[in-house]
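Order-wise, the sequence lines are chains B and S. Under my numbering, think of the first position of the first sequence as 1, with each following residue one higher. Under my numbering, think of the first position of the second sequence as 1, with each following residue one higher.
Treat the hints loosely; a few may be bogus.
Stated by the list, open to error - Cross-link-like lysine-lysine pairs, in silico, DSSO-like; alpha carbons within 27 Å at most: (1) B:K15 - S:K204; (2) B:K12 - S:K204; (3) B:K86 - S:K292; (4) B:K86 - S:K161; (5) S:K196 - B:K86; (6) S:K299 - B:K43; (7) B:K86 - S:K333; (8) B:K193 - S:K195; (9) S:K237 - B:K86; (10) B:K192 - B:K3.
Don't read these hints as lab results, they were simulated from the structure.
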Amino acid sequence: MNKIFGRCYSLKEIKHSYCPGCGHGIIHRLVAEVIDELDIREKTIGIAPVGCAVFAYYYWNFDVTEASHGRPPAVATGIKRCLPDKVVFTYQGDGDLAAIGTAEIIHAANRGENITTIFVNNATYGMTGGQMAPTTILGQKTATTPFGRDAKREGHPIRVCELLSSLDGACYLERVSVSNPKNVLKAKKAIKKAFENQLNNRGFSLVEVLSQCPTDWQMTPVESVKWVDEVLSKTFPLGVVKSQIKEHE
Amino acid sequence: MKSNKILMKGNIAVCEGAIAAGCDAYFGYPITPQNEIPAYMSKKMVELKRVFIQSESELAAINMVFGAAACGKRAMTSSSSPGISLKQEGISYLCGAELPCVIVNVQRGGPGLGNISGSQGDYFQSTKGGGHGDYRLIVLAPYSVKEMYDLTYLAFDLADKYRNPALILSDGIVGQMMEPVEINTDIRDKRLEIKKDWALGGCKGREPRLIRSLIMEEGGLEKHNWHLKEKYDEIKKNETRCETELVDDAEIAIVAFGISARICKSAVKKLRQQNVKVGLVRPVTLWPFPEKIISDISKKVKKFLVVEMNLGQMVEDVRLSVNGACPVEFLGKPGGGIFNEEEIIQKVKDIL
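This is chain B alone, in the form it adopts within the complex:
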């Protein structure tokens, strides 16, 4: 009998700490599947973020380090410049990448660092208890926007892919989601492309993954995926925002 589905070798057999319905488990799995399929596990170095996904380093079965809040692109730059033949990726949340680490991601992208960034956008700060993120949408209630995000008071949600798209060093920027099987497959394709770009020395690639956070959104898992599809993706439209990959490549 042919085995058609199994555990990824790039994921350890450890029970993870995520809440039911959280998107991190799916995104971890996608990253691991891509690394297995590209056969790069033995030369991959991951950078785990702060926040809920900080323990990603327990789940991934390859070399991993951590970075302080917002600094994974700088740590990745240090690693990749020293070891250009390795595959280096950062896994970052919206607070990490779009608030405290805005400078690092902009400059890593602008330098065209040949790294891959998986940017998980769940429109909230997960681990600290559901506070406003730079990506919190207008009207969204969080622990620190109890009246709903008001543009006059809290500013507008930041669209990271669009923000980075003006930078010449950014090669590939795509927004995906993991809200339903079809989107999960698209997300995997994008993540794979982002890693392939690095293998082909094309420079900086970022995949923004809209992810559900049922606990902090105070929704059931089913309601949360629906909210991603029906509400969140209105502010953050899915699709390729920038691609400098030539068709014939």
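Starting from the known structure of chain B, fit chain S onto it as the hints suggest.
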């Protein structure tokens, strides 16, 4: 011994020392008075096919150092006081993750933006931990251009040996002054080669590795902190460096580091010509601090005089080491001012 004598600036000597020590990667951001370092490294490192990046900020620079160090590379950053403040978070993480690296602080006057002349106001920050948590840095205080070279070279070895960041605590005066330096070119063949069996580089043929400073397991962080303490004790035991001059018959021992010690040295010479029995204690490592040497001397001298270009920082460590055995006087000059010999000579005479 192969050697050659070259006239160079202190900041350039840091670069040459680092290059000789096999510095693989430099990451930095301009700030006066250390700008010669990133400028020189931008040329030399690229020519040598090593890594140079002018980072977007000090925060990015120290975290690039984190990445390079995590790969087992010899990594360095340099800055001056306000920039070093920005690096403190990263330094705490490097210490927590036990990553070796070299950080150069060419101090300027502070607090805040202060000014751009040489100062010694960052003693507390360097030796007591400017970042969060229980940690220690190996802190080396050069007082000449030659020492900018030698101690930078040494810093890489010490950092690797103990898996701990080492800090060169210099200042704008030593950084900017020029002196002929005899560089021993043999030294580069003698650098410490340590197997870094913890470094990241892809898990080919081995188990995956993890570098982190987050330790959430029950009791895990306490254990890690005790392990760090053991390491710090080992550094204290092995690496305390201190120069003493004319202390055997001294009635007054001056304690000074860096550029202050350089000025005190000539004051001591002049005072001796006037038959004043004065000696000099110059801590080369500010951490580990030469507690025992100072404690031993406290049993022989009448008084200590601590001379530093700040409001009185190292004087606290001297008082702790003396532990009441004799009085400890202080002469300070904060805000980027520099001593002249006469001020020191006068102070010694006043307290005689």
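- Message: Does K161 (chain S) sit within 27 Å of K86 (chain B), going by the straight-line distance between their CA atoms?
- Response: holds, 26 Å
- Message: With the threshold set at 27 Å, check whether the alpha-carbon distance from K192 (chain B) to K3 (chain B) stays at or below it.
- Response: holds, 22 Å
- Message: Next pair to validate is K12 (chain B) with K204 (chain S); report whether the Cα-Cα distance is within 27 Å.
- Response: Roughly 16 Å between the alpha carbons, so the hint for K12 (chain B) and K204 (chain S) holds.
- Query: Within 27 Å, alpha carbon to alpha carbon, are K196 (chain S) and K86 (chain B)?
  - Reply: Since the Cα atoms of K196 (chain S) and K86 (chain B) sit roughly 18 Å apart, the hinted pair holds (cutoff 27 Å).
- Distance restraint between K237 (chain S) and K86 (chain B), which requires alpha-carbon spacing of 27 Å or less: Judged against 27 Å, a Cα distance of about 39 Å means the pair is violated.
- Query: Between K15 (chain B) and K204 (chain S), does the CA-CA distance stay at or below 27 Å?
  - Reply: holds, 25 Å
- 27 Å limit on alpha-carbon distance, applied to hinted pair K86 (chain B) and K333 (chain S): Between K86 (chain B) and K333 (chain S) the Cα gap is close to 51 Å, so the pair fails against 27 Å, i.e. violated.
- Take the C-alpha atoms of K193 (chain B) and K195 (chain S), compute the straight-line distance between them, and say whether it is at most 27 Å. violated, 36 Å
- Item | K299 (chain S) paired with K43 (chain B) [C-alpha distance capped at 27 Å] | violated, 60 Å
- Query: Going straight from one Cα to the other, do K86 (chain B) and K292 (chain S) come out at no more than 27 Å?
  - Reply: violated, 48 Å
Comparing the model with each earlier hint shows violations of hints 3, 6, 7, 8, 9; every other hint is respected.
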